[in-house]
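K.L.:
Same order as they appear, the protein sequences are chains U and G. Residue numbers for the first sequence follow my numbering, beginning at 1 and rising by one. Residue numbers for the second sequence follow my numbering, beginning at 1 and rising by one.
Check the hints yourself; a few may be wrong.
Identical copies go unnamed one by one, so any copy, or any two together, can satisfy a pair.
Below, a list of computed lysine-lysine pairs in the DSSO-like style, where the Cα atoms sit at most 30 Å apart [unchecked claim]: (1) Lys260 / Lys284; (2) Lys284 / Lys230; (3) Lys334 / Lys260; (4) Lys260 / Lys328; (5) Lys306 / Lys199; (6) Lys230 / Lys260; (7) Lys2 / Lys195; (8) Lys2 / Lys328; (9) Lys284 / Lys2; (10) Lys195 / Lys306; (11) Lys328 / Lys230; (12) Lys2 / Lys230; (13) Lys284 / Lys195; (14) Lys334 / Lys2; (15) Lys306 / Lys284; (16) Lys230 / Lys195; (17) Lys230 / Lys334; (18) Lys260 / Lys2; (19) Lys199 / Lys334; (20) Lys230 / Lys199.
Derived by calculation from the structure, the hints in this document are not laboratory data. Bear in mind that the values here come from a model prediction, so they are computed numbers and not experimental data.
Protein chains: 2
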Amino acid sequence: MKAIDDLVRQPGAWLDVSGGAGAVVSSRVRLARNIDRRPFPGWAGEEESLRVWNEMTALLAGLPALNSHLVAEMPSLTRVDREVLVERHIISRELAEKNAGSGVVFRRDESISVMVNEEDHLRIQAMRPGLDLEGLWRTVDALDTEIERSVTYAFSPRLGYLTACPTNVGTGIRASVMMHLPGLVLMNEIGPVIKGIGKIGLAVRGLWGEGTEAAGNMFQLSNQTTLGEKEETLISRLAQIVTEVGEHEANARARMMQQKEASLRNHIGRAYGILMHAYMLSSKETLDMLSALRLGVEMELLGDWKVADVNALFLSVQPGHLQKAGGKAMGSDKRDFARARTVRERLAAIRSGRGGK
Amino acid sequence: MKAIDDLVRQPGAWLDVSGGAGAVVSSRVRLARNIDRRPFPGWAGEEESLRVWNEMTALLAGLPALNSHLVAEMPSLTRVDREVLVERHIISRELAEKNAGSGVVFRRDESISVMVNEEDHLRIQAMRPGLDLEGLWRTVDALDTEIERSVTYAFSPRLGYLTACPTNVGTGIRASVMMHLPGLVLMNEIGPVIKGIGKIGLAVRGLWGEGTEAAGNMFQLSNQTTLGEKEETLISRLAQIVTEVGEHEANARARMMQQKEASLRNHIGRAYGILMHAYMLSSKETLDMLSALRLGVEMELLGDWKVADVNALFLSVQPGHLQKAGGKAMGSDKRDFARARTVRERLAAIRSGRGGK
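The following block holds chain U by itself, in its conformation from the complex:
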C-alpha cells in the first residue's frame, strides 16, 4: 500500500524524535467499544463484519478528529505492511491476523487510530510521546462522544460498556505508558519493581519480549482493572506510579555512575562499537544496544548525540520496517544483514553530521 511507504519515512507518533528524554517514552490510552445488538466480531460472519466495517469507516471518515486520515482494510495490506503498522503501534498484532471486514482508520500523523472489528467492534486509541495520560483521555473521550452521536453502544447500566473479553468490561479503558528502564535492569533492581507494581493492580510487560527479558529495556505499564472505578482515577493512579518508577530509574542511574562508572562506560562503548561495525545484528541484540546508546546519550557519556537520533532507530530496525525499506520480504538472516547495514549507515551519517563521537 502506497500510503504505508510514506508512513515509514516519518518518525512515528510515540517515539519522540524532537528530543524528549528520560525514563518515560510515550503514553497511550484506548477504549474498547461495541455496537448494541450486533454480534461481537469473533461471532460475526464475513457479511456482518463487512457491514460493520462499511458503516464504521463511513462514520469515522467524517469525523473532524480524524481529518487527514488513512483507511486500511486488512486484506488490502501485504504481510510487511501489516507488520509496519504493528511496529508503529497503529494496529495490534491480533488485528494484523484478521481478514475481510477488519481494519483501521488512523490519522496520518499517527496520533489517533481506530481499529474496526479487532476483538471489539471499535478500539479507539490515542498516543503521544512523554507522559500525558490526561490529555490522551480527553482526546479519546471526545472522539468516543462524537462516535456515540451516531452509534448506540452495547452498555449495561450495572456493568458499563460491554466488551468481547471480560477484562475490558466497565470503562473499557486501557491506559499504558512505555518506559525505558536500563538503569533498573543493569542494577538488577527491575525484578522487585515489577513485582511491586503487580501488587497494586498494574501490569508490566516488556514492550518487545517478555517480563524482565524485555528487549531494549522497554517496558509497558498499564492498568489491569477496568471495572468499578472512574477513568480519571485509573489514569491518575497509573501516572503516579509511572512518576515513582521514573524516580527509581533516575536513582539507579545516578548510583551506577557513582559506583561503577567504568563498567557503565564499557557497556555503552561496546554497544556503540558493535552497532557501528557489525555486519549482522539480531533484533533483540540491536534493541539492547540501542538501549545502551539511549542511556549513554541521556547520561551525557556520548558527546553531542541526541536521544531523537536513537529513538528513530528503535523503529527502523524492526523486521517490518527493514523489509519495507528494503522493498521486499526478507528472511531472518537477510534481515540481520540489512539491520546491521541500516544501523551502520544511520549512525555514520549522524556522526559525520556532528563531527564525530
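Chain U is already provided as a structure; the job is to place chain G on it using the hints.
P.N.:
Frame of chain U, contents of chain G only:
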C-alpha cells in the same frame, strides 16, 4: 631495571612489525646444554649456582654474537620486569620464578638470548619473524660452538647432550614456530589439524591458553623428539609441516570468504568496534579480537590497516607490558581498564594517521 623500560618501547624480535603477514608469525630454536661434572641447576645450592652464573655471564659477555647485550639476574628484576621478559619470549616462565644465580644474557635486539641456570645450565635460543628454522639453527649452532671452546659440556657418546629433563636428552634442540590460525579455528577445522600433527610426533599448543582454546588463535608447533635424529632432519620436518598447515589455513580463509563472507565481516567488524570503544578488556578477549583484526587486515577487509600495527598490539596488551607502561603493578581490574585505554588510544592514533578505517 632501567634497561627493561627501554625494551618495551621496541617492537619485540618475534612479532614482526615490518609488515610480515600470513599464518607464520615467528620461529625459534633453542638448545639445552649443561656443564660437565657439575650438578644440574635443580640440584645445585646457591653457592654453586652463583659460581655457574658468574662463570657463564663472564664467558657470554665476551662473545661477538652477543655484542650489545644485557645481563639480568632474576633477583635484580621486579615482578613486572620478569613478566615483560616472559611476554617477549626472552626468558621462560620457569626462569622468572628462580632466584640468585639464575638469569639471562640477551642481545638488545632480542634476537638471541641465553638463559643461565633455568632447568639446564644453559638454554641458548634465537628467534626471528617468519619461517627460518635453518637460519636460526645456524645461529644457535655457531653460538654453541663458540661456547664449547671454553666449556666442556655434559655429553654421552651414546645418548648425546645430557639434560635435566629426559625429553631434551640427545640433540637438546627444540625448534618451534608460532602460527596464527584464525581460519582453521573459525571453520572448526583446528581440532583435526592438531590431532594430525600430534600423530607425526610434533607438539601443538596455544601460545596463550591451552589446546584449541588458544587465546588470539596463536599456536606454537614444535618438535617432541630430540633423540636419535640429526638437528637438520628435525628442523626440516617441522618446516614442512608448518608449510602444510599454512596452506590449510589459507584454504580455510578462502573458503570462509566464499561461503560466509557476511559472517566473516561481522566477526571482524565487531572485534574492531569493541576494541575501539570498550572501557574494559580482558586479556583473552583482547587477544581474540586482535586475532580477528589481524585476519581482517590480511584478508584486506580493513582498508589500509597494516599487520604490523596489530602485531605490536599483541605485545602491548599483555599484563607485564601494561604494568610497565603504566609505571606500576596493577590488579586484574585495573589492567582490564588500562588495556582498553591502550587499545583505544593506539587504534585511534593509527586510524587518524591513516585517515580513517
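K.L.:
All the hints need checking, so say for each whether the structure fits it.
P.N.:
To see whether the hints hold, each was checked on the structure:
In this assembly of identical chains, the alpha carbons of lysine 260 and lysine 284 lie at most 30 Å apart whether taken from the same copy (25 Å) or from different copies (22 Å). In this assembly of identical chains, lysine 284 and lysine 230 lie within 30 Å of each other by CA distance neither inside one copy nor across copies; the values are 38 Å within and 60 Å between. In this homomeric assembly, lysine 334 and lysine 260 come within 30 Å of each other (Cα to Cα) only across copies, at 13 Å, whereas the closest approach inside a single copy is 38 Å. Taking CA atoms no more than 30 Å apart as the test, lysine 260 paired with lysine 328 passes between copies only; the shortest distance there is 22 Å, against 44 Å inside one copy.
For the identical chains of this complex, lysine 306 and lysine 199 are neighbours neither inside a copy (36 Å) nor across copies (60 Å), given an alpha-carbon limit of 30 Å. For the homomeric pair lysine 230 and lysine 260, neither the shortest alpha-carbon distance inside one copy (45 Å) nor that between copies (59 Å) is at most 30 Å. Within a single copy, lysine 2 and lysine 195 get their C-alpha atoms no closer than 44 Å, and across copies no closer than 60 Å, so neither meets the 30 Å cut-off. In the homo-oligomer, the alpha carbons of lysine 2 and lysine 328 lie at most 30 Å apart inside one protomer (14 Å), although the nearest pairing across protomers, at 65 Å, exceeds that limit.
For the homomeric pair lysine 284 and lysine 2, the shortest alpha-carbon distance inside one copy (29 Å) is at most 30 Å, but the shortest distance between copies (52 Å) is not. With identical chains, the CA atoms of lysine 195 and lysine 306 are never at most 30 Å apart, being 32 Å at best within one copy and 54 Å at best between copies. Taking the closest pair of Cα atoms, lysine 328 and lysine 230 never come within 30 Å of each other, the shortest separation being 47 Å inside a single copy and 67 Å across copies. Taking CA atoms no more than 30 Å apart as the test, lysine 2 paired with lysine 230 passes in neither setting, with 41 Å inside one copy and 80 Å between copies.
In this assembly of identical chains, the alpha carbons of lysine 284 and lysine 195 lie at most 30 Å apart only when taken from the same copy (24 Å versus 39 Å across copies). Proximity of lysine 334 and lysine 2 under a CA criterion of 30 Å is satisfied intra-copy only: 24 Å inside one chain copy versus 56 Å between copies. Within a single copy, lysine 306 and lysine 284 get their C-alpha atoms as close as 22 Å, which meets the 30 Å cut-off; across copies the closest is 34 Å, which misses it. In this homomeric assembly, lysine 230 and lysine 195 come within 30 Å of each other (Cα to Cα) only inside a single copy, at 25 Å, whereas the closest approach across copies is 75 Å.
In the homo-oligomer, the alpha carbons of lysine 230 and lysine 334 never lie at most 30 Å apart, since the shortest distance is 49 Å inside one protomer and 57 Å across protomers. For the identical chains of this complex, lysine 260 and lysine 2 are neighbours neither inside a copy (49 Å) nor across copies (36 Å), given an alpha-carbon limit of 30 Å. Taking the closest pair of Cα atoms, lysine 199 and lysine 334 never come within 30 Å of each other, the shortest separation being 43 Å inside a single copy and 43 Å across copies. In this assembly of identical chains, lysine 230 and lysine 199 lie within 30 Å of each other by CA distance solely inside one copy; the values are 20 Å within and 81 Å between copies.
When held up to the earlier numbered hints, the structure conflicts with 2, 5, 6, 7, 10, 11, 12, 17, 18, 19 and fits the remainder.
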